[in-house]
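**Q** So the sequence lines, in the order shown, correspond to chains A, B and C.
What the first sequence shows, in our numbering, is residues 1 to 305, in sequence order.
What the second sequence shows, in our numbering, is residues 1 to 330, in sequence order.
What the third sequence shows, in our numbering, is residues 1 to 143, in sequence order.
Quick caveat, the hints were computed from the structure, so don't treat them as lab data.
Glycine residues also receive a C-beta, built at the ideal position from the N, C-alpha and C atoms.
Some clues are possibly wrong.
Stated by the list, open to error - Some chain A residues near chain C, calculated using beta-carbon distances under 8 Å:
(1) R19
(2) A205
(3) P283
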Amino acid sequence: MTNYAIRTENLVKTYGFGRKAIRAVDGLSLNVPEGSIYGLLGRNSAGKTTTIRMAMGLARPSSGSIEVLGLDPWPDPSRVAMLRQVAFVPEDKANIGLGARKLLELNRSFYPDTWSDALARKVVDRLELPLDTPFIKLSLGNKTKASLACAIAQRSRLLILDEPTTGLDPVALDALLRLLVEDCTADGRTIFLSSHQLAEIEQIADYIGIMDRGKILLEGPLDDIRASFRRVTVSGENLPSRGANILSARRDAHATQYVLRDAPDSFSADLAANGATILDSAPLSLNEIFLALCRKEEGVTEEAA
Amino acid sequence: MNGNTIIVIELVAPLAILIVWGRLKIARARRKAADVDCAPVQPFEPKLEPASGFVLSSFSVPQCTYLRQQIALGRAFYYIVAYLLVVVFTSGLLPTSVDRYGPEQPLAQRVWYSYLEHITLGELALDAMMVMAAMIAVYALTTGAQASFNRTRPLTLRFLFWARILSAIATILASLATALAVSFVLLLLFYGPVWLHLLDTFQPGTVLSHRQEMHLIQSLQTSVPRLFLSLATMALLVFSAGVLLLTLGSWFPNKSTGRGMAVIFGLAGGIAVVHLVHVVRGPLALLLSRVFFLYMDLGPPPRYGYVLVPVLTSAVLLFIAQRLIRRVEL
Amino acid sequence: MLPLRISASSGVPVYLQLEQQIKQAIASGLLHPGDALPSTRRAAAELRINPNTVARAFQNLEREGVIRTVPGGGTFVASEAALTSGLLKAEKLRRLRPLAQQFAVEAAQLRLSAEDTHKLLDAALEDLARKSRVNKRSSEESQ
Numbered sequence: 001m002t003n004y005a006i007r008t009e010n011l012v013k014t015y016g017f018g019r020k021a022i023r024a025v026d027g028l029s030l031n032v033p034e035g036s037i038y039g040l041l042g043r044n045s046a047g048k049t050t051t052i053r054m055a056m057g058l059a060r061p062s063s064g065s066i067e068v069l070g071l072d073p074w075p076d077p078s079r080v081a082m083l084r085q086v087a088f089v090p091e092d093k094a095n096i097g098l099g100a101r102k103l104l105e106l107n108r109s110f111y112p113d114t115w116s117d118a119l120a121r122k123v124v125d126r127l128e129l130p131l132d133t134p135f136i137k138l139s140l141g142n143k144t145k146a147s148l149a150c151a152i153a154q155r156s157r158l159l160i161l162d163e164p165t166t167g168l169d170p171v172a173l174d175a176l177l178r179l180l181v182e183d184c185t186a187d188g189r190t191i192f193l194s195s196h197q198l199a200e201i202e203q204i205a206d207y208i209g210i211m212d213r214g215k216i217l218l219e220g221p222l223d224d225i226r227a228s229f230r231r232v233t234v235s236g237e238n239l240p241s242r243g244a245n246i247l248s249a250r251r252d253a254h255a256t257q258y259v260l261r262d263a264p265d266s267f268s269a270d271l272a273a274n275g276a277t278i279l280d281s282a283p284l285s286l287n288e289i290f291l292a293l294c295r296k297e298e299g300v301t302e303e304a305a
Numbered sequence: 001m002n003g004n005t006i007i008v009i010e011l012v013a014p015l016a017i018l019i020v021w022g023r024l025k026i027a028r029a030r031r032k033a034a035d036v037d038c039a040p041v042q043p044f045e046p047k048l049e050p051a052s053g054f055v056l057s058s059f060s061v062p063q064c065t066y067l068r069q070q071i072a073l074g075r076a077f078y079y080i081v082a083y084l085l086v087v088v089f090t091s092g093l094l095p096t097s098v099d100r101y102g103p104e105q106p107l108a109q110r111v112w113y114s115y116l117e118h119i120t121l122g123e124l125a126l127d128a129m130m131v132m133a134a135m136i137a138v139y140a141l142t143t144g145a146q147a148s149f150n151r152t153r154p155l156t157l158r159f160l161f162w163a164r165i166l167s168a169i170a171t172i173l174a175s176l177a178t179a180l181a182v183s184f185v186l187l188l189l190f191y192g193p194v195w196l197h198l199l200d201t202f203q204p205g206t207v208l209s210h211r212q213e214m215h216l217i218q219s220l221q222t223s224v225p226r227l228f229l230s231l232a233t234m235a236l237l238v239f240s241a242g243v244l245l246l247t248l249g250s251w252f253p254n255k256s257t258g259r260g261m262a263v264i265f266g267l268a269g270g271i272a273v274v275h276l277v278h279v280v281r282g283p284l285a286l287l288l289s290r291v292f293f294l295y296m297d298l299g300p301p302p303r304y305g306y307v308l309v310p311v312l313t314s315a316v317l318l319f320i321a322q323r324l325i326r327r328v329e330l
Numbered sequence: 001m002l003p004l005r006i007s008a009s010s011g012v013p014v015y016l017q018l019e020q021q022i023k024q025a026i027a028s029g030l031l032h033p034g035d036a037l038p039s040t041r042r043a044a045a046e047l048r049i050n051p052n053t054v055a056r057a058f059q060n061l062e063r064e065g066v067i068r069t070v071p072g073g074g075t076f077v078a079s080e081a082a083l084t085s086g087l088l089k090a091e092k093l094r095r096l097r098p099l100a101q102q103f104a105v106e107a108a109q110l111r112l113s114a115e116d117t118h119k120l121l122d123a124a125l126e127d128l129a130r131k132s133r134v135n136k137r138s139s140e141e142s143q
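Whenever a hint applies, use it, and build me the whole structure from the sequences.
**A** Structure representation (structure tokens):
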């Protein structure tokens with residue numbers, strides 16, 4: 001019986017009225033198992049931040065349900081019970097205008113049960129966060145680091161990070177990944193991060209969800225997803241150009257290149273049985289999977305001359 | 001020296017002093033930093049929390065932290081608001097104001113009248129400040145990074161609202177009381193207890209101009225305690241109405257339009273009320289000003305009992321605002 | 001530290017890369033029987049990968065008898081005896097057969113002749129043996 005850190009069912013969020021209504025989130029069913037590192041991927045206006053805001057009790061769902069650590073994040077008593085166990089790095093790293101040291105001291109007193117000073121020192125050290133620079137002089141990267149330090153030092157059961165890599169240079173990014181893996185996953189704690197940085201997510205996530213236009217396109221364990229997507233190059237006669245698990249088919253002069261989303265081995269076997277030759281079969285990186293899925297959603301299919 | 005020039009100087013001088021002092025502090029800090037030359041940064045070792053007093057210890061640690069924040073904010077605003085109000089309430093003591101209606105009246109009468117009149121005029125300045133206070137109070141609960149921060153800490157919205165609003169009210173009342181007290185002390189220092197000497201030089205049979213008569217009657221009728229009290233209740237009422245209107249405005253999908261509309265609506269309503277009570281002075285207006293303890297002109301004061309009306313109205317308005325703020329999305 | 005290089009975006013599952021590289025390290029002598037391996041958490045932190053992934057790889061390796069965990073804590077490379085005689089020859093053949101088939105399929109797809117395929121395999125075995133000799137020599141020298 002898995003516990004879910006975050007779970008939504010047909011979640012919908014509409015902004016505006018009548019004809020100008022926009023569905024930022026459109027029937028989202030998300031499942032984040034506890035103890036996992038879950039990466040939510042999506043294009044810029046896919047609805048990731050709106051979903052996270054609903055999870056933090058900042059916005060109310062128009063319909064559907066959302067549960068964070070088994071609690072309803074909107075109405076008050078459960079909202080507060082939830083917030084005690086959740087650390088949050090928002091998309092907007094404005095940090096209420098305080099320098100890093102003051103921000104850490106402030107945040108520390110809101111979470112007396114779980115806060116760790118030693119961990120705060122470790123994060124400040126590893127990320128090279130300047131403690132005493134006044135807020136106006138902080139670069140975007142340093143503001144992000146300050147936000148991250150406050151959230152990580154909270155040692156909470158669920159860590160929600162919305163674009164945690166804004167403004168971070170490669171060294172800081174690497175240090176962050178190490179910190180997340182080292183200090184934020186023990187004792188069944190969950191990390192939920194939403195990001196554009198596919199390479200970083202691919203490294204540390206064990207579950208991913210790909211979101212587009214307010215819906216989930218694909219969700220599940222990263223290893224399973226990687227195993228079920230393949231790029232297969234086939235040559236032969238009468239090759240199919242559409243199919244249940246064909247994400248895209250591109251015809252060249254001598255061969256057709258398929259991007260398959262499911263059971264690639266049986267597909268290849270079928271084609272081979274019908275006389276086609278499998279020229280190449282290669283796995284796809286997460287970036288390629290993401291692009292293939294999003295392009296399909298837009299109805300862009302490539303048919304080369 | 002023109003009275004207005006003095007007021008301008010009173011307002012600008014502290015600002016100038018603050019700017020100069022700020023610059024000096026920065027220059028000194030820079031010199032110190034250069035001297036030490038890359039001194040090692042102190043590691044993050046926060047001091048132990050100061051032991052909370054009796055009152056604060058009934059709250060949880062996160063609640064205490066938020067309260068301390070609000071109290072600190074209140075303290076900063078207290079100095080600013082108290083100072084501004086002192087400037088406003090003592091404008092009646094300036095020689096130019098005292099001599100405004102000519103030197104025919106005895107000094108005591110002129111001073112007392114001028115002092116009281118400028119206090120009633122000061123109500124408008126006070127109400128403008130209350131609108132701003134309401135904006136500052138509501139903003140941090142409904143928009144921007146500050147609100148986003150507050151609403152993602154483990155505190156109920158009810159607590160967030162009341163801690164901020166009550167702290168604001170305490171600041172307002174404290175600065176009002178301070179400003180009135182200071183202006184009164186200054187009156188005593190410069191002119192002595194003038195209200196005791198209003199009729200000193202009065203000789204039976206003296207012919208007074210109509211204006212002199214009116215001024216004297218009004219001065220004698222005005223009850224200073226109730227005047228001061230009315231300032232407080234009016235401030236409270238305007239603040240509460242402002243908070244409620246702005247909360248309603250924040251409900252709109254586009255918050256700035258919503259709040260803009262709320263401010264305009266509120267101002268229009270406020271101006272209508274003032275016009276009604278001050279200018280029109282019909283029987284309805286008089287009734288309203290009695291019942292709501294609006295003591296906006298010199299003359300016969302409303303009864304003490306009516307103090308409860310604006311206080312209770314304010315409380316009701318704030319309760320409604322608190323129920324509404326729970327539904328405001330960020 | 002372990003001489004591992006994991007690429008998350010190569011398409012090969014990370015746990016598989018980890019297993020293969022540990023086995024390779026043992027085979028080429030970089031890791032000796034009885035050597036201590038870092039804990040799951042430390043290994044994950046150093047490689048910047050998910051601890052569950054490391055745990056899965058370690059579990060698989062333990063099931064195959066390549067490594068063993070001590071009840072008190074700590075993971076070690078299996079002893080020489082366990083590595084070599086822990087598995088019957090039949091079992092070893094059974095394990096390697098799918099890999100051999102895969103190798104054959106790939107070679108056939110690329111239309112490599114049988115002779116070249118054998119040469120490839122021999123070269124790989126020789127390479128491994130050479131590395132093992134080098135490592136053994138350098139560890140003897142340092143003692």
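**Q** Quick check on the hint: R19/A CB to chain C CB, less than 8 Å?
**A** R19/A check fails; min Cβ-Cβ to chain C is 43 Å, beyond 8 Å.
**Q** Against chain C, run the beta carbon of A205/A and see if the smallest gap drops under 8 Å.
**A** Holds: closest Cβ of chain C sits about 7 Å from A205/A, inside 8 Å.
**Q** Against chain C, is P283/A within 8 Å by beta-carbon distance?
**A** holds (3 Å)
Hint 1 alone, counting from the list given before, is not met by this structure.
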